[in-house]
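Mind docking chain G on chain V? Use the hints.
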Amino acid sequence: MPSVIPKLSNFIGLFILIFVVLWAASPRIQAQTPSDALMMKKSEMCVATFYQHDTWDEYWEGTLLRNNLNIGTLTRTNIMPMLAYGITDKLNVFISLPYISTSASGGQMAGVSGFQDFSVFAKYKIINLEKTSGSFQTFGTVGYSLPATSYLSDYMPLNLGLGTNELSARVIIKYEHKSGLYLRGSFAYLYRTTTEAERDFYYADKGIYTSTMDVPNTTTVDGALGAWLFDRSIQLEVGAVKNTAQSGDDIRRQNAPQPTNKMDMTHLNAGIRFFPKFLKGFSIIAGYTQVVAGRNVGKSTILTGGLTYQFSTKKQKAQ
Amino acid sequence: MKTLKYTIFLITLLTIIFVSCSKDYPTGSEFAPYSFSGIDQNGGNWKPILLTSSEQIVIDAPMSTTSDTYKAEFEAMKSMIVNGEDQEAVAYWGNNPIIRWNEIARDLAAKYNLTPAPNADGTYPSPNAANPNIYPYFPFAHPPYACRAFAYLSTAQLDGMIAAWHYKYKYNRPAVYITDKTIQAAYPTNDIPSYPSDGAVIAAVSRDILSSLFPLEKQFLKEKADEMNRTLLAARIHVESDIVAGDSLGRGIAKIFLKRASTDGMSKAQVSKKVSDSLRAEALARFGWEWSNQESPQRPVGIAPLYGKLKLWSVPNVESVRPLPPPAPGSAEFNKAADELRSYEGNLTNEQRRIANWWSDGLGTYTPPGHWNRFATDNIIKYKMNPLRSARVYAYLNMAIQDAGISCWDAKYYYHYPRPIQVMNGFKTILGTPNFPAYTSGHSTFSAAAATLLSHIFPAEKTQFDKMAHEASESRIYGGIHFRFDCEAGLESGTKVGEFTIQKAIADGAK
Numbered sequence: 238m239p240s241v242i243p244k245l246s247n248f249i250g251l252f253i254l255i256f257v258v259l260w261a262a263s264p265r266i267q268a269q270t271p272s273d274a275l276m277m278k279k280s281e282m283c284v285a286t287f288y289q290h291d292t293w294d295e296y297w298e299g300t301l302l303r304n305n306l307n308i309g310t311l312t313r314t315n316i317m318p319m320l321a322y323g324i325t326d327k328l329n330v331f332i333s334l335p336y337i338s339t340s341a342s343g344g345q346m347a348g349v350s351g352f353q354d355f356s357v358f359a360k361y362k363i364i365n366l367e368k369t370s371g372s373f374q375t376f377g378t379v380g381y382s383l384p385a386t387s388y389l390s391d392y393m394p395l396n397l398g399l400g401t402n403e404l405s406a407r408v409i410i411k412y413e414h415k416s417g418l419y420l421r422g423s424f425a426y427l428y429r430t431t432t433e434a435e436r437d438f439y440y441a442d443k444g445i446y447t448s449t450m451d452v453p454n455t456t457t458v459d460g461a462l463g464a465w466l467f468d469r470s471i472q473l474e475v476g477a478v479k480n481t482a483q484s485g486d487d488i489r490r491q492n493a494p495q496p497t498n499k500m501d502m503t504h505l506n507a508g509i510r511f512f513p514k515f516l517k518g519f520s521i522i523a524g525y526t527q528v529v530a531g532r533n534v535g536k537s538t539i540l541t542g543g544l545t546y547q548f549s550t551k552k553q554k555a556q
Numbered sequence: 002m003k004t005l006k007y008t009i010f011l012i013t014l015l016t017i018i019f020v021s022c023s024k025d026y027p028t029g030s031e032f033a034p035y036s037f038s039g040i041d042q043n044g045g046n047w048k049p050i051l052l053t054s055s056e057q058i059v060i061d062a063p064m065s066t067t068s069d070t071y072k073a074e075f076e077a078m079k080s081m082i083v084n085g086e087d088q089e090a091v092a093y094w095g096n097n098p099i100i101r102w103n104e105i106a107r108d109l110a111a112k113y114n115l116t117p118a119p120n121a122d123g124t125y126p127s128p129n130a131a132n133p134n135i136y137p138y139f140p141f142a143h144p145p146y147a148c149r150a151f152a153y154l155s156t157a158q159l160d161g162m163i164a165a166w167h168y169k170y171k172y173n174r175p176a177v178y179i180t181d182k183t184i185q186a187a188y189p190t191n192d193i194p195s196y197p198s199d200g201a202v203i204a205a206v207s208r209d210i211l212s213s214l215f216p217l218e219k220q221f222l223k224e225k226a227d228e229m230n231r232t233l234l235a236a237r238i239h240v241e242s243d244i245v246a247g248d249s250l251g252r253g254i255a256k257i258f259l260k261r262a263s264t265d266g267m268s269k270a271q272v273s274k275k276v277s278d279s280l281r282a283e284a285l286a287r288f289g290w291e292w293s294n295q296e297s298p299q300r301p302v303g304i305a306p307l308y309g310k311l312k313l314w315s316v317p318n319v320e321s322v323r324p325l326p327p328p329a330p331g332s333a334e335f336n337k338a339a340d341e342l343r344s345y346e347g348n349l350t351n352e353q354r355r356i357a358n359w360w361s362d363g364l365g366t367y368t369p370p371g372h373w374n375r376f377a378t379d380n381i382i383k384y385k386m387n388p389l390r391s392a393r394v395y396a397y398l399n400m401a402i403q404d405a406g407i408s409c410w411d412a413k414y415y416y417h418y419p420r421p422i423q424v425m426n427g428f429k430t431i432l433g434t435p436n437f438p439a440y441t442s443g444h445s446t447f448s449a450a451a452a453t454l455l456s457h458i459f460p461a462e463k464t465q466f467d468k469m470a471h472e473a474s475e476s477r478i479y480g481g482i483h484f485r486f487d488c489e490a491g492l493e494s495g496t497k498v499g500e501f502t503i504q505k506a507i508a509d510g511a512k
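Chains as they are written, first to last, in my numbering: chain V, 238 to 556; chain G, 2 to 512.
Chain V on its own, in the form it takes in the complex:
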């Protein structure tokens, strides 16, 4: 379809302009991100944006699942532009900055909107074994994020984020059969610095006389089963993720949550990614996430949509 391409170039220019201004990503996004097993080649660039719509009307107060009519349904939307670049075939980097809005349908507490955390990730392909029967790969990623604005983390559950600097390290392994079926697993450790509240006393199993709050470090384990279909134009994936905080206190009965809480969460995901043949370099993503177990977190249902565009920053050599 060569005739389409000239018309598209204007659109692509606009597209890049928008996303260079607003790039973002989320750990939950399953599309050529720090947590997946896809790599770009040297000098390739990917601009993407994702939209998430996260709602819950029940949450775990400690281990007790409950509703709260003074919150009603909590809605969190997330616009997540992202930019990724292949430094080498084996090393990709990502940067992102999400814009989040929160609101509660019940009660009188005001929602908030704003930019959350700026993050940088690097993904390195450690092992790559390819045989005719399939391939085996392992990757390592390291990421760092920090708050981009002075949002208040101690405004849960309407807060934009946890207000910490976070260092994450992740190992990913993947096996793909020649049929296109694949299995992927990963383990990550998220180190978090403290966050600053705007009060200098809080109770976390005892009275604490400082505005500094410890935010628990967290481990993440995830597993996914996926398939490439129709000449790799469609990727389907289902998976499960378990986040476990390594410390922290529980929300006390009928009290508000705070960043010191032990926030655990298990969620199930299903996603589809479509690479349209008529739009070279583009992909469209749709995903569904359901939190099925947790502690001190909302029982979220998350819908994700995304659009990515990948291109080479070098001029194509004649084939």
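Source of the hints: derived by calculation from the structure; they are not laboratory data. One should not assume that every hint holds.
[Claimed, not checked] Derived EDC-like pairs (lysine to aspartate or glutamate); straight-line CA-CA distance at most 20 Å: (1) G/LYS468 - V/ASP437; (2) G/LYS112 - V/ASP442; (3) V/LYS443 - G/GLU104; (4) G/LYS79 - G/GLU296; (5) G/LYS468 - G/GLU500; (6) V/LYS415 - V/GLU367; (7) G/LYS112 - V/ASP487; (8) V/LYS362 - V/GLU413; (9) G/LYS182 - G/GLU346; (10) G/LYS48 - G/GLU500; (11) V/LYS443 - G/GLU224; (12) G/LYS383 - G/GLU104; (13) V/LYS368 - V/ASP468; (14) G/LYS429 - G/GLU346; (15) G/LYS463 - G/GLU493; (16) V/LYS411 - V/GLU474; (17) V/LYS536 - V/GLU295; (18) G/LYS468 - V/GLU435; (19) G/LYS182 - G/GLU224; (20) G/LYS112 - V/ASP437; (21) G/LYS274 - G/ASP122; (22) G/LYS182 - G/ASP192; (23) V/LYS443 - G/ASP25; (24) V/LYS443 - G/ASP108; (25) V/LYS499 - G/ASP25; (26) G/LYS256 - G/ASP61; (27) V/LYS551 - V/GLU281; (28) V/LYS443 - G/GLU218; (29) V/LYS327 - V/GLU367; (30) G/LYS505 - G/GLU320; (31) G/LYS112 - V/ASP486; (32) V/LYS443 - G/ASP61; (33) G/LYS219 - G/ASP108; (34) V/LYS443 - G/GLU500; (35) G/LYS223 - G/GLU104; (36) V/LYS479 - V/ASP501; (37) G/LYS312 - G/ASP265; (38) V/LYS443 - G/GLU228; (39) G/LYS219 - V/ASP442.
Chain G in isolation, oriented as in the chain V frame:
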């Protein structure tokens, strides 16, 4: 592979930085043992709060320091093995342990300051003093409950210190480090006679008062008092009989204060829905407005509607400090105040948001009265006060604060004035709206009374205290939970309450 090496190096480096960041946070004031700025040898003559005389609780004369019994006690103290745990306890309690008991009271307030969760059918359970360990646990330490607890703790401590000082100078038993110059006390020494131990009085009074007000903490408080009493030996400042006499005096004093507490009106402060509705109907008939709780499900009764009828410490009657009525909703003055709140809605500066949060002292915290006890503590340490002087600061501060609470609650349920979220359509706040009427602001009343009283005791700090009281008051407007007139009236009546308390303080003979 070079990149991989760099990556591993970076991960290792950042891991070390992150792990080394975790640390212990302060759980109270950090202070080193200090030399007292004065010893108040005439303190036994100060006028007590409830005691009819310094000898109302009888403490027998101690045995002579030359007696065999004393010598045996002395040897036991001297040869006591001080382990690492003892050393930690000596460092924690310090030489002015009343500070730690004040912190313990603040912790208990924060622990118990939780509002009952609704039942599945939308009704609400209530804490029951007769069955404290059934959810919702007794007590719900909301600001009126907490400030009353601080007041009983502190006034009983003061009377305990006055009586202790009286007996100390009556019997004049020298401290162990004076009897035997080879004794190395853990704290700076002084000439205050040692019998009875003022520390043991504080431990006993605090344990017994707090155990009564927070019954589920009885065992915890006993352990705290036992630990503290042991430090009096471990720090080499007392012998056993000093502590036994102090404990006995403290127990007797606590009983006198708990008797007042049992008849001060607190047991009738939380009322039935029927009584609550009649208060609402009365306000509606008298003023044409009413307050009602805006939570879902709606709480049928506000916090402590009849708290305004509690026995006052220094104010002659609540009517003497009751403010004039607030402007009616819809009036020009009301609209001006509502417009001000609208102007802040979703539009606060970072500094205004910080002020709202810094003073919020809401559910799950030590409440505004706890916050002012913290400021008092900072100044007790700054001015190196002895235990008797410290007790006097806490006692008058907390009498002022509870009287402020009582008069504020009188105004709240007399005027029964609605909160902004009730009368301003769609209005959103950044702080939770408390479960009691708006007029007058509790923060403003508590803070003005506290600042007025503390300025009398620490005149050099007056500017700072006044600034803090005004900021505490203003914080409620930024938070969207009070109209400016709620706050201004609260500051005014709180100041009046503080002045009544000062009159009482001036008359106690301490100056």
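Tested hints:
Among the hinted pairs, G/LYS468 with V/ASP437 is consistent with the structure: their alpha-carbon atoms are about 18 Å apart, no more than 20 Å. Using a Cα cut-off of 20 Å, the hinted pair G/LYS112 and V/ASP442 holds, with the two alpha carbons roughly 8 Å apart. A C-alpha spacing of about 11 Å is found between V/LYS443 and G/GLU104, which places the hinted pair at or below 20 Å, so the restraint holds. Annotation: proposed proximity of G/LYS79 to G/GLU296 is violated, straight-line Cα distance about 61 Å (limit 20 Å).
A hinted pair counts as satisfied when its Cα atoms are at most 20 Å apart, and G/LYS468 with G/GLU500 qualifies at roughly 18 Å. Between V/LYS415 and V/GLU367, the direct Cα distance comes to roughly 10 Å. Compliance with the 20 Å bound is thereby established for this hinted pair. Distance check on the hinted pair: G/LYS112 and V/ASP487 sit about 13 Å apart at the alpha-carbon level, within 20 Å; holds. Restraint check: the Cα-Cα separation between V/LYS362 and V/GLU413 comes to about 15 Å, which is no more than 20 Å; the hinted pair holds.
The straight-line distance between the Cα atoms of G/LYS182 and G/GLU346 is roughly 67 Å, outside the 20 Å bound, and the hint therefore fails. Restraint check for G/LYS48 and G/GLU500: the C-alpha separation of about 18 Å stays at or below 20 Å, so the hint holds. For the given pair, V/LYS443 sits about 16 Å from G/GLU224 by alpha-carbon distance, which is consistent with the 20 Å threshold. As the CA atoms of G/LYS383 and G/GLU104 are separated by approximately 17 Å, the hinted pair is consistent with the 20 Å bound.
Our distance criterion of 20 Å between C-alpha atoms is met by V/LYS368 and V/ASP468, whose separation comes to about 19 Å. A C-alpha spacing of about 7 Å is found between G/LYS429 and G/GLU346, which places the hinted pair at or below 20 Å, so the restraint holds. Only pairs whose Cα atoms come within 20 Å are accepted, and G/LYS463 paired with G/GLU493 is accepted, the gap being roughly 16 Å. For the proposed pair V/LYS411 and V/GLU474, the alpha carbon gap of about 13 Å is at most 20 Å, so the pair holds.
The straight-line distance between the Cα atoms of V/LYS536 and V/GLU295 is roughly 6 Å, inside the 20 Å bound, and the hint therefore holds. Pair hint G/LYS468 plus V/GLU435 holds up; C-alpha atoms about 18 Å apart against a cutoff of 20 Å. About 32 Å separates the Cα atoms of G/LYS182 and G/GLU224, which puts this hinted pair outside 20 Å; it is violated. The straight-line distance between the Cα atoms of G/LYS112 and V/ASP437 is roughly 16 Å, inside the 20 Å bound, and the hint therefore holds.
Proximity of G/LYS274 to G/ASP122 is assessed by CA-CA distance (about 17 Å); at most 20 Å being required, the pair is judged to hold. With a CA separation close to 13 Å, the supplied pair G/LYS182 and G/ASP192 stays within the 20 Å bound. A C-alpha spacing of about 12 Å is found between V/LYS443 and G/ASP25, which places the hinted pair at or below 20 Å, so the restraint holds. For a cut-off of 20 Å, the pair hint linking V/LYS443 to G/ASP108 stands: about 7 Å separates their Cα positions.
Between the alpha carbons of V/LYS499 and G/ASP25 the distance comes to roughly 18 Å, so the proposed pair stays at or under 20 Å and holds. The straight-line distance between the Cα atoms of G/LYS256 and G/ASP61 is roughly 19 Å, inside the 20 Å bound, and the hint therefore holds. The hinted pair formed by V/LYS551 and V/GLU281 meets the criterion: a straight-line CA distance of about 8 Å does not exceed 20 Å. Between V/LYS443 and G/GLU218 the CA atoms are separated by roughly 14 Å; this keeps the pair inside 20 Å, and the hint holds.
Straight-line distance between C-alpha atoms of V/LYS327 and V/GLU367 comes to about 15 Å, which keeps the hinted pair within the 20 Å bound. Using a Cα cut-off of 20 Å, the hinted pair G/LYS505 and G/GLU320 holds, with the two alpha carbons roughly 19 Å apart. Of the pairs offered as hints, the one joining G/LYS112 and V/ASP486 holds, with about 13 Å between alpha carbons and a cut-off of 20 Å not exceeded. As the CA atoms of V/LYS443 and G/ASP61 are separated by approximately 40 Å, the hinted pair breaks the 20 Å bound.
The straight-line distance between the Cα atoms of G/LYS219 and G/ASP108 is roughly 14 Å, inside the 20 Å bound, and the hint therefore holds. With a CA separation close to 35 Å, the supplied pair V/LYS443 and G/GLU500 exceeds the 20 Å bound. For the hint linking G/LYS223 to G/GLU104, the alpha-carbon distance of about 16 Å falls within 20 Å, and the restraint holds. A distance of roughly 8 Å separates the Cα atoms of V/LYS479 and V/ASP501; the hinted pair therefore holds under the 20 Å criterion.
A C-alpha spacing of about 5 Å is found between G/LYS312 and G/ASP265, which places the hinted pair at or below 20 Å, so the restraint holds. Of the pairs offered as hints, the one joining V/LYS443 and G/GLU228 holds, with about 18 Å between alpha carbons and a cut-off of 20 Å not exceeded. Note on G/LYS219 and V/ASP442: the hinted pairing holds, with a Cα-Cα distance of about 18 Å set against a maximum of 20 Å.
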